[in-house]
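> Here's the letter readout for the chains.
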Amino acid sequence: MKRTGILFFPAFDWSLGDSHPEREERLLYTQEQLFEEGILDLPQIKQFSPRVATMKDVLRTQGLFPNPGAHTKSLDPHLISAGSSLLLGEAQVKGDIHNGFVMARPPGHHSGATVWGNRGFCSLNNEAILVNYLRAHFGKKRIAIVDTDVHHGDGTQDIFYHDPNVLFISLHQDGRTLFPGSGFVNEKGGPNAWDQTLNIPLPPGTGDDGYHYIVENWVLPRLQAFAPEIIINSAGQDNHFTDPLASMNLTARGYGRITELLQPDLAVLEGGYSIEGALPYVNLAILLALAGEDYHHVREPQKLKRNTLTLAALKPYIQDLQKQQQTVKQSFTIQNKPYFPKGNWIFIPHSVYYDTEGFQETRHDYVRECSNCAGTVYIESRRYTEKSILVRIPFEACPICEQAGYDLWDHLQKPNEGFAIGILQNQLHDKQYLWNRKEGLMEF
Amino acid sequence: MFNRVGIDVGGTYTDAVYFRNGGIQCTAKVPTQSDNLVETLMNAFDTLKISDEQEINQITVSTTLVTNAILQNRIPPVKLLLFSGNGMKIDALPWPVSYTELSGEMDFRGRETEAPDQKEWEKFHLLRDNISHAAIVGKFSHRNRLHEEQLAAYLKEHNPSLTLALGHEWGQANFYRRSLTTYLNLGVSDLYRQFAQQLQTAVSARNIQAPIYILKADGGSLPLAKIRPIDSIYSGPAASVLSALTQTSPDASSIIVDIGGTTTDIGLTLSGAPLISSKGAQIGDFSTLVRSLAVRSIPVGGDSVIRTKDQGFIIEEYRLGAAYCLGGDRPTPTDAMRYLKLIDYGDEQLAEEGLASLLPPVKRTPQLLYDLAAEIIDRVVDRIAEAVDSLKREWKEEPAYKVWEVLHPHENKEFNTIVSGGGARGVTTALGKRLKTTVQLGAFSEVSNALGAALARPAFDCTLHLDTYMKQYRVEETGEQGKWTGSLRPHREVEGFLETLVQQQATHYGIEIQDMEKEPFDFFPIVQNYQTVGQIIRGAVHLRPGVIGRVKE
Chain A
0 MKRTGILFFP AFDWSLGDSH PEREERLLYT QEQLFEEGIL DLPQIKQFSP
50 RVATMKDVLR TQGLFPNPGA HTKSLDPHLI SAGSSLLLGE AQVKGDIHNG
100 FVMARPPGHH SGATVWGNRG FCSLNNEAIL VNYLRAHFGK KRIAIVDTDV
150 HHGDGTQDIF YHDPNVLFIS LHQDGRTLFP GSGFVNEKGG PNAWDQTLNI
200 PLPPGTGDDG YHYIVENWVL PRLQAFAPEI IINSAGQDNH FTDPLASMNL
250 TARGYGRITE LLQPDLAVLE GGYSIEGALP YVNLAILLAL AGEDYHHVRE
300 PQKLKRNTLT LAALKPYIQD LQKQQQTVKQ SFTIQNKPYF PKGNWIFIPH
350 SVYYDTEGFQ ETRHDYVREC SNCAGTVYIE SRRYTEKSIL VRIPFEACPI
400 CEQAGYDLWD HLQKPNEGFA IGILQNQLHD KQYLWNRKEG LMEF
Chain B
217 MFNRVGIDVG GTYTDAVYFR NGGIQCTAKV PTQSDNLVET LMNAFDTLKI
267 SDEQEINQIT VSTTLVTNAI LQNRIPPVKL LLFSGNGMKI DALPWPVSYT
317 ELSGEMDFRG RETEAPDQKE WEKFHLLRDN ISHAAIVGKF SHRNRLHEEQ
367 LAAYLKEHNP SLTLALGHEW GQANFYRRSL TTYLNLGVSD LYRQFAQQLQ
417 TAVSARNIQA PIYILKADGG SLPLAKIRPI DSIYSGPAAS VLSALTQTSP
467 DASSIIVDIG GTTTDIGLTL SGAPLISSKG AQIGDFSTLV RSLAVRSIPV
517 GGDSVIRTKD QGFIIEEYRL GAAYCLGGDR PTPTDAMRYL KLIDYGDEQL
567 AEEGLASLLP PVKRTPQLLY DLAAEIIDRV VDRIAEAVDS LKREWKEEPA
617 YKVWEVLHPH ENKEFNTIVS GGGARGVTTA LGKRLKTTVQ LGAFSEVSNA
667 LGAALARPAF DCTLHLDTYM KQYRVEETGE QGKWTGSLRP HREVEGFLET
717 LVQQQATHYG IEIQDMEKEP FDFFPIVQNY QTVGQIIRGA VHLRPGVIGR
767 VKE
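For the protein sequence lines, the chains are A and B, in the order given.
Quick note: the first sequence uses my numbering, first residue 0, plus one each step.
Quick note: the second sequence uses my numbering, first residue 217, plus one each step.
Hints listed in this document are in silico derivations from the structure and should not be mistaken for laboratory results.
One or more hints might be untrue.
With a Cα cut of at most 30 Å, we get these calculated DSS-like pairs of lysine-lysine [to be verified]:
hint: 1; chain 1: A; residue 1: Lys-55; chain 2: B; residue 2: Lys-618
hint: 2; chain 1: A; residue 1: Lys-55; chain 2: B; residue 2: Lys-608
hint: 3; chain 1: A; residue 1: Lys-1; chain 2: B; residue 2: Lys-612
hint: 4; chain 1: B; residue 1: Lys-734; chain 2: B; residue 2: Lys-699
Quick partial rundown of chain A residues pointing at chain B, CB under 7 Å, derived from the structure [what the hints assert, rightly or not]:
hint: 5; residue: Ala-10
hint: 6; residue: Trp-13
hint: 7; residue: Gln-32
hint: 8; residue: Gly-37
hint: 9; residue: Pro-76
hint: 10; residue: Tyr-212
hint: 11; residue: Glu-356
Listed next, with one range per pair, are the computed distances between beta-carbon atoms [unchecked claim]:
hint: 12; chain 1: B; residue 1: Gly-488; chain 2: A; residue 2: Tyr-383; range: 50 to 60 Å
hint: 13; chain 1: A; residue 1: Tyr-383; chain 2: B; residue 2: Ile-729; range: 50 to 60 Å
hint: 14; chain 1: B; residue 1: Trp-311; chain 2: A; residue 2: Leu-303; range: 25 to 35 Å
hint: 15; chain 1: A; residue 1: Lys-314; chain 2: B; residue 2: Ser-314; range: 42 to 52 Å
On a predicted model such as this, the values are computed, not experimentally measured, just so you know.
Think of the CB as a built atom: it goes at the ideal place given N, C-alpha and C, for glycine as much as any other residue.
With these hints in hand, go ahead and build the complete structure from the sequences.
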């Protein structure tokens with residue numbers, strides 16, 4: 000029997016604030032619905048209980064700034080959410096389950112390569128932490144993430160932007176109309192991973208038909224061409240027509256169909272804040288679709304009131320978008336600092352806004368151009384006057400990039416350099432170090 | 217001091233124990249006459265030779281009657297009418313009985329999303345179809361019983377003789393299990409009523425005034441007239457766990473192993489409280505909401521047949537008569553125990569013969585026979601140990617829904633093991649080694665179920681679910697639904713409210729509350745448009761199953 004794992008972790012004792020969308024109540028009615036349906040009595044469903052991710056699991060993928068210790072007080076629920084993804088992902092690759100659904104709070108896809116705090120309700124990126132865990136522990140090479148949350152999965156994009164072995168596809172409401180304001184077709188990946196990021200921004204009002212059309216005609220062919228070993232679906236549910244934060248028109252059954260089309264090995268809940276009108280039904284439809292059961296009887300009581308874009312109106316828009324996406328050409332700036340190891344270092348400056356606490360992170364990202372591997376990454380990150388650095392030696396790094404990473408890391412610790420703190424993310428050898436000028440080196 | 221009688225009405229034997237002044241006064245074992253329960257029970261009382269019936273404070277009975285009726289498919293047909301609503305397709309789950317689906321739907325807060333269609337009801341011809349029992353169950357009826365009651369009123373009006381059962385009385389979530397539980401409970405109600413009368417007749421005939429209690433699947437006892445019939449299933453394994461509890465210190469954590477002829481039952485107690493299964497009991501093809509103890513029954517026992525297979529042997533799941541050393545014609549684990557001198561009954565010579573038949577003639581040396589016997593014991597013990605591990609996993613891997621729960625997992629406990637049953641002595645040493653615990657032999661294994669029943673404590677749970685915005689409260693275990701008139705964000709108020717409900721329930725059962733265990737309340741602020749408009753509050757109180765006294769051997 001094809002088994003479907005479910006890890007339901009509603010964090011009933013945790014919220015981001017009394018009336019915050021990310022609050023205790025969010026999965027309460029989902030629990031009522033799933034339990035009342037008797038979903039756990041389906042012979043193919045196997046329930047798992049959560050576990051806590053370790054700091055090593057996190058640092059393999061994300062740099063916690065200014066240092067991991069600064070976050071320890073607020074990370075517990077996020078570590079459980081990430082740990083839950085690891086647990087179910089591990090069960091999947093070990094063959095204990097055919098596929099699975101991590102229905103856990105809090106979400107994670109806005110959390111990027113560097114983390115100064117919570118943004119878009121996310122502190123840790125559950126799917127990204129899982130992807131790198133599967134690569135480190137199970138030797139997985141090619142993984143695809145399809146993000147069907149209504150918001151652009153900017154954090155996930157940031158983490159894998161230079162990684163040619165992770166295909167990231169995000170479908171979302173156009174960034175000109177919604178947080179986080181990114182995710183346009185010209186964001187196609189870094190120099191070593193060009194075209195491994197695919198953004199499909201959709202006009203407000205897109206409904207089931209339009210969405211399915213895009214999945215079938217754009218997403219699936221792209222997935223097929225990439226031929227991943229594992230497909231992970233960041234299954235946000237805020238495309239639903241009742242969602243209070245967005246303006247799309249998907250139904251619960253529409254979500255069931257998306258799941259059926261994508262056939263993800265693992266679905267991980269992201270956003271979705273229509274906690275009564277959508278979540279109980281969308282979660283049910285996704286789970287039924289994963290379990291190979293009929294989801295067509297799942298019907299939310301509310302009727303669609305907003306206007307939905309017809310497929311006829313959407314098709315030309317999509318074709319145009321596809322053309323635009325294909326014609327975008329690479330254009331990168333090379334900027335080599337005097338102490339940079341040999342090679343061309345592509346400079347990508349940008350800033351990240353943390354909406355939860357209201358501050359800005361300024362990032363200077365550099366990646367070593369390389370035709371043999373993902374290239375060593377060097378990030379200088381600033382928040383107000385605080386500054387931290389991240390050096391990443393990627394999975395399957397070539398010897399030159401690996402050496403470049405060590406040289407850079409050694410140089411930054413020299414007494415005359417102005418750095419006080421940094422993280423070495425050695426994915427190649429699965430070692431993570433925190434360095435602090437006062438306290439020295441610490442391995443995770 | 218208390219004086220109690222415990223009776224276990226089994227399919228073959230009825231056992232009884234009289235527990236008086238802190239010790240076992242007398243035990244009895246009489247054959248069960250299934251066509252004359254009154255006489256069986258009177259026989260049991262007579263065998264106990266109770267000198268002063270007026271001294272008895274309570275009689276507690278465990279019975280396999282309902283269990284067997286269900287397993288042997290001896291329940292009258294019940295018409296099952298379902299307000300199944302939208303959602304998962306109803307036939308995604310296996311239904312052991314037929315049902316009729318009706319329109320009408322509630323949502324998870326108990327709001328009506330579709331009204332029933334009375335035209336559908338007019339098509340019923342229950343009397344013409346010879347139907348005397350009907351169960352009505354709605355999806356989310358535990359949130360709002362309206363549709364069930366509407367249909368019940370309609371049916372009663374047109375068929376006054378109809379016996380009806382409504383699903384909302386089983387207040388836990390799970391429409392599928394609620395439907396089957398309501399069905400079964402109604403199906404066995406006549407049988408149970410008859411049993412209760414016979415029991416009462418026998419007790420009165422022996423001039424006993426003491427109240428009669430029934431042992432439930434969760435190891436608690438409740439008065440004969442107050443228990444729901446289906447709750448009496450699986451009281452046998454529960455009684456055997458309780459019996460072990462009477463032989464340990466009050467807060468010990470124990471692995472309880474009861475080795476029978478062909479099956480071995482394994483249970484777990486944690487700091488004196490039996491482990492309750494997180495899902496409801498499964499009986500035959502029926503998944504129910506009946507709270508039961510987490511026990512494992514494995515098909516291996518002292519009389520299991522051993523056969524040669526390939527280069528070695530296998531232990532079969534069945535028996536074919538007695539052990540070889542007791543005059544049977546197949547080797548069994550009992551023969552291995554006898555050969556190794558772990559038990560003192562059975563013929564030593566025959567045991568050796570039986571074991572030898574599993575080896576080719578050239579290999580029948582004392583050393584190889586010894587190795588074979590030891591391996592048989594190890595195999596049995598391995599099977600038991602696997603079941604113990606699975607029970608411990610069930611305990612440790614309970615799903616956690618709160619951050620606090622994940623960060624505070626169950627602490628490891630120091631377990632001891634209690635083994636009872638025919639082959640107990642034979643596996644003591646091997647089991648201790650394998651489980652790495654001390655092992656104690658259980659006493660009174662001949663009448664252990666009756667002993668467990670005699671000393672069972674009353675137990676019940678009361679789980680409150682309050683929605684202050686909808687102004688509704690309900691109690692999971694009783695299915696009670698009522699209006700909430702208190703504040704939108706109650707604090708102390710809700711604690712007092714729950715205590716009142718518990719007190720009412722205790723009064724209803726006629727029992728005194730002791731050692732009430734409160735779970736912390738869960739508060740869910742209900743937010744609409746960034747305003748808190750009310751709260752959903754969950755809280756529970758448990759009177760845990762256990763025993764009221766301990767036995768000295």
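> Hint compliance check: list the failing hint numbers for this structure, sorted ascending.
10 and 11
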